[in-house]
Amino acid sequence: MRAVIVGGGKGCRAIIKLALAHFLRELPLDIVGVADPDVNAPGMVFARERGIRTASDMRTLLSLPDINLVIELTGKDDVLEGIYKIIPRGIKVFDHTFAKVFVDLANAQQDQASQLQEITALEERIEKERLFLQSVFDKMPELVAVVDRDKRLTKINAGFSRFTGISPEEAFGRNCVDLLADSELDNSRQQTVRLLDEAFQTGEMQHFVWKSPPPDGNFWEITLTPTLDADGRVEEVLSTWYRITEEAILKHRIASAELRFKSFMDSAHDWISIKDLDGRYVIVNKIAAESLHMKPEDFIGKRPEEVLPPEFAAMITEHDKRVIEEDSYRSYSETVRIDGRERHFMTNRFPLRDITGDTKGLCTIMRDVTSEMTLRKQLEQAGKLAAIGSLAAGVAHEINNPLTGVLAYAEDLRDSKPADSPEYQDLSVIVRETLRCRDIVRNLLDFSRQEEPKFEQLDPNDVVAQSLSLVKKLPEFRNIEITKRLCENIPFIQGDPQQIQQVILNFMLNAAEAMEGRGKISLITEYDERQNSSIIKVEDDGPGIPENLRDKIFEPFFSTKGTSGLGLAVSWGIIERHLGAIEVEMSDSGGASFSIIFPTYDEGIDFPTGRD
Amino acid sequence: MEQTINILVIDDEQIVLDSVRKQLHGEDCSVQTVLSVEEALVLLDQTRFDVVMTDLMMPHVDGLELMQIIKERFPDILVIMMTGYATISSANQATQQGAFGYVAKPFTKAELKEVVRRALEQVKRR
Numbered sequence: 001m002r003a004v005i006v007g008g009g010k011g012c013r014a015i016i017k018l019a020l021a022h023f024l025r026e027l028p029l030d031i032v033g034v035a036d037p038d039v040n041a042p043g044m045v046f047a048r049e050r051g052i053r054t055a056s057d058m059r060t061l062l063s064l065p066d067i068n069l070v071i072e073l074t075g076k077d078d079v080l081e082g083i084y085k086i087i088p089r090g091i092k093v094f095d096h097t098f099a100k101v102f103v104d105l106a107n108a109q110q111d112q113a114s115q116l117q118e119i120t121a122l123e124e125r126i127e128k129e130r131l132f133l134q135s136v137f138d139k140m141p142e143l144v145a146v147v148d149r150d151k152r153l154t155k156i157n158a159g160f161s162r163f164t165g166i167s168p169e170e171a172f173g174r175n176c177v178d179l180l181a182d183s184e185l186d187n188s189r190q191q192t193v194r195l196l197d198e199a200f201q202t203g204e205m206q207h208f209v210w211k212s213p214p215p216d217g218n219f220w221e222i223t224l225t226p227t228l229d230a231d232g233r234v235e236e237v238l239s240t241w242y243r244i245t246e247e248a249i250l251k252h253r254i255a256s257a258e259l260r261f262k263s264f265m266d267s268a269h270d271w272i273s274i275k276d277l278d279g280r281y282v283i284v285n286k287i288a289a290e291s292l293h294m295k296p297e298d299f300i301g302k303r304p305e306e307v308l309p310p311e312f313a314a315m316i317t318e319h320d321k322r323v324i325e326e327d328s329y330r331s332y333s334e335t336v337r338i339d340g341r342e343r344h345f346m347t348n349r350f351p352l353r354d355i356t357g358d359t360k361g362l363c364t365i366m367r368d369v370t371s372e373m374t375l376r377k378q379l380e381q382a383g384k385l386a387a388i389g390s391l392a393a394g395v396a397h398e399i400n401n402p403l404t405g406v407l408a409y410a411e412d413l414r415d416s417k418p419a420d421s422p423e424y425q426d427l428s429v430i431v432r433e434t435l436r437c438r439d440i441v442r443n444l445l446d447f448s449r450q451e452e453p454k455f456e457q458l459d460p461n462d463v464v465a466q467s468l469s470l471v472k473k474l475p476e477f478r479n480i481e482i483t484k485r486l487c488e489n490i491p492f493i494q495g496d497p498q499q500i501q502q503v504i505l506n507f508m509l510n511a512a513e514a515m516e517g518r519g520k521i522s523l524i525t526e527y528d529e530r531q532n533s534s535i536i537k538v539e540d541d542g543p544g545i546p547e548n549l550r551d552k553i554f555e556p557f558f559s560t561k562g563t564s565g566l567g568l569a570v571s572w573g574i575i576e577r578h579l580g581a582i583e584v585e586m587s588d589s590g591g592a593s594f595s596i597i598f599p600t601y602d603e604g605i606d607f608p609t610g611r612d
Numbered sequence: 001m002e003q004t005i006n007i008l009v010i011d012d013e014q015i016v017l018d019s020v021r022k023q024l025h026g027e028d029c030s031v032q033t034v035l036s037v038e039e040a041l042v043l044l045d046q047t048r049f050d051v052v053m054t055d056l057m058m059p060h061v062d063g064l065e066l067m068q069i070i071k072e073r074f075p076d077i078l079v080i081m082m083t084g085y086a087t088i089s090s091a092n093q094a095t096q097q098g099a100f101g102y103v104a105k106p107f108t109k110a111e112l113k114e115v116v117r118r119a120l121e122q123v124k125r126r
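Going line by line, the protein sequences match chains A and B.
Each step along the first sequence adds one to the number in the working numbering, with nothing skipped, and position 602 is 602.
Each step along the second sequence adds one to the number in the working numbering, with nothing skipped, and position 52 is 52.
These are calculated hints, taken from the structure and not from any lab test.
Everything numeric in this text was worked out from a predicted model, so none of it was measured.
All C-beta atoms, glycine included, are put in the ideal place defined by N, C-alpha and C.
Careful: at least some of the hints might be erroneous.
[As the list claims (entries may be wrong)] Here are the simulated distance ranges between beta carbons:
hint, chain 1, residue 1, chain 2, residue 2, range
1, A, Glu481, B, Gly98, 52 to 60 Å
2, A, Leu413, B, Glu38, 55 to 63 Å
3, B, Glu38, A, Glu513, 50 to 58 Å
[Claimed, not checked] Selected chain A positions facing chain B (Cβ under 10 Å, derived; list incomplete):
hint, residue
4, Asn400
5, Pro402
6, Ala408
[Unchecked claim] The calculated BS3-like cross-link candidates involving lysine-lysine, where the alpha carbons are at most 25 Å apart (straight line), are:
hint, chain 1, residue 1, chain 2, residue 2
7, A, Lys417, B, Lys109
8, B, Lys113, A, Lys417
9, A, Lys151, A, Lys211
Start from the sequences, fold in the hints, and give me the full structure.
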């Protein structure tokens, strides 16, 4: 439809654009001219630029042949009337009101066009971004594969493609586990599957190290990173393979070896330490430090004498010195006083060598054998007592008859001599010494026939009080000051009062003897909460018992005073039948301290009852 | 009328028998000794004894068994046990079962005489 526009404003320009864009499909417009008195109106300028005829007088154009349509845009009634006067019948006229539809259309078309332009620009940007990401993805030093829930590959990068020899297109949709199926390391495959499942289930990142089969043969650190969808569910897992260098492997090994070593040290029940050649601690394990109420780090860089009690440190230094000098392993039986108690250790000390064989330090492993040692001593003692007992009974029986003869004949002979003769004196010696033999035999038999205790519930303080009243009458204690220090509310014990008194008396007699009749004896009761035991102590301020004799004093016949040497052995036997123990230590004043340790009264304890 | 008091001593060792004989020398009694319960039983049938001193532990038949036999067959005889110190509790037991007394080996002359004299006095009182 050939049309002439009257009025060259913005509306005119919009309609020309519409027409030129063939936007009006049902009304294809061919604008043949634009008329406006203002030749510089925007529509006029635009028309001229597009090669469309323009005229300042509309009549010039309205007389053109083959015009089908006149579009009036001025909105002036006189102009419209003028048009009607000029144009022949049959030519349609869109007046100003109707023509506004074109303007709206034109504006709409403009909007759409600019939107389209924006979309195109966005698409271009996205594509650029995609290309960038793809190139990053491909150029990454890591091998990357993306796996969906069905373990199918959805994407691989160039590195992965090169490594597997499969193109990204070939990889798409393939099961990633099947890709590993050729691997000789079947358990790696299982591990991969397990960790993949884990990543999908937990949404947590997984790490593992994988050694690829030859010819590659490299170690790969593989990270499985779950990616989440909008609902926060794991959608895919990004599998990133990073090749580990030798150095990294070594570091990893060292770290895990260190971890293993630390866990070994800290789990050990033995006291373990390492010192350098200068005697300074390099490592001390937890139990050793804690047993000494310290932390492992308190030891580092220090010498024993800087951190330990002087006696303990001196012993360590001396033993260490020997090991370093001889440059060889040595085993020691060591006794240390910790928290006021003696602890026995079986200690191994040995030099530590580096790879070239040079000694670089010294390792100490101390095993606490206190309870074993105590038990062994008790067993030894019990065994000795039993052996002595049966031996004594046998010997005593056999010796009685000959002694009867010696005694009868010596007495008879003596009595036949005048009382003031030398023979009478000599024979009296024989009789006296025979009677001494008899006493020894009787002591032996007393010892072998130790009575079974008659158990009752006892207050240790009562036993002490009774022993004290017993002792006060004895001449041995005339010049000895005896004090009591009793623990109130001490738990009761199970025992035979006479026998326990006998033990206390034995200890006190020994003390009196050791002090040569002058000095102080303390009777003490204590409750040891840690061991739940009630303790009766006899302490003196005498010369004390040399450490090397402490084990021997309980042996039958051990005596430094020419006595029978059975008192302490008998005491030991009695306390053993009370399920107790005897400990000998140095008292605060340097004298001897004998502790009788009883388990506290408990109905659950099954005390032995009489022998046959 | 005065009659000699007869004592029979039984022990499986000769030295003990000799010792007792020596220690009782001069006492107002006659002492016979045998080395076994078997011999003692033969002698007991033949001779009247007032006191029997026997060792407690002997092979074959021991002192306690002998005492039982004597209690049954010769209820008037006083039995004194000689014992090693080790079996002093069995000596106590023997006393409870009717022994007149006991003496622990080795014994002095005084110890032996003390118990024997008590026995002799009891016999004499009859």
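Given hint lysine 109 of chain B paired with lysine 417 of chain A - CA-CA distance at most 25 Å: holds, 16 Å
Chain B contact restraint on proline 402 of chain A - CB to CB distance below 10 Å: At about 7 Å, which falls below the 10 Å cut-off, the nearest Cβ of chain B leaves the hint on proline 402 of chain A intact, so it holds.
When the least beta-carbon distance from asparagine 400 of chain A to chain B is tested against 10 Å, hint result: Hint holds; asparagine 400 of chain A Cβ to chain B Cβ min 4 Å, cut 10 Å.
Range agreement (Cβ of glycine 98 of chain B with Cβ of glutamate 481 of chain A, hint 52 to 60 Å): holds, 53 Å
Alanine 408 of chain A as an interface hint toward chain B, with CB separation required under 10 Å: With Cβ-Cβ at 3 Å, under 10 Å, it holds.
Given hint lysine 211 of chain A paired with lysine 151 of chain A - CA-CA distance at most 25 Å: Holds - the C-alpha atoms of lysine 211 of chain A and lysine 151 of chain A are around 21 Å apart, at most 25 Å.
Outcome for the supplied range 55 to 63 Å, where the beta carbon pair is leucine 413 of chain A and glutamate 38 of chain B: violated, 33 Å
Agreement of lysine 113 of chain B and lysine 417 of chain A with the hint, judged by alpha carbon distance not exceeding 25 Å: It holds: about 20 Å lies between the C-alpha atoms, which stays within 25 Å.
Distance restraint hint 50 to 58 Å, applied to the beta-carbon atoms of glutamate 38 of chain B and glutamate 513 of chain A: holds, 52 Å
Hint 2 from the list above is the single one not met by this structure.
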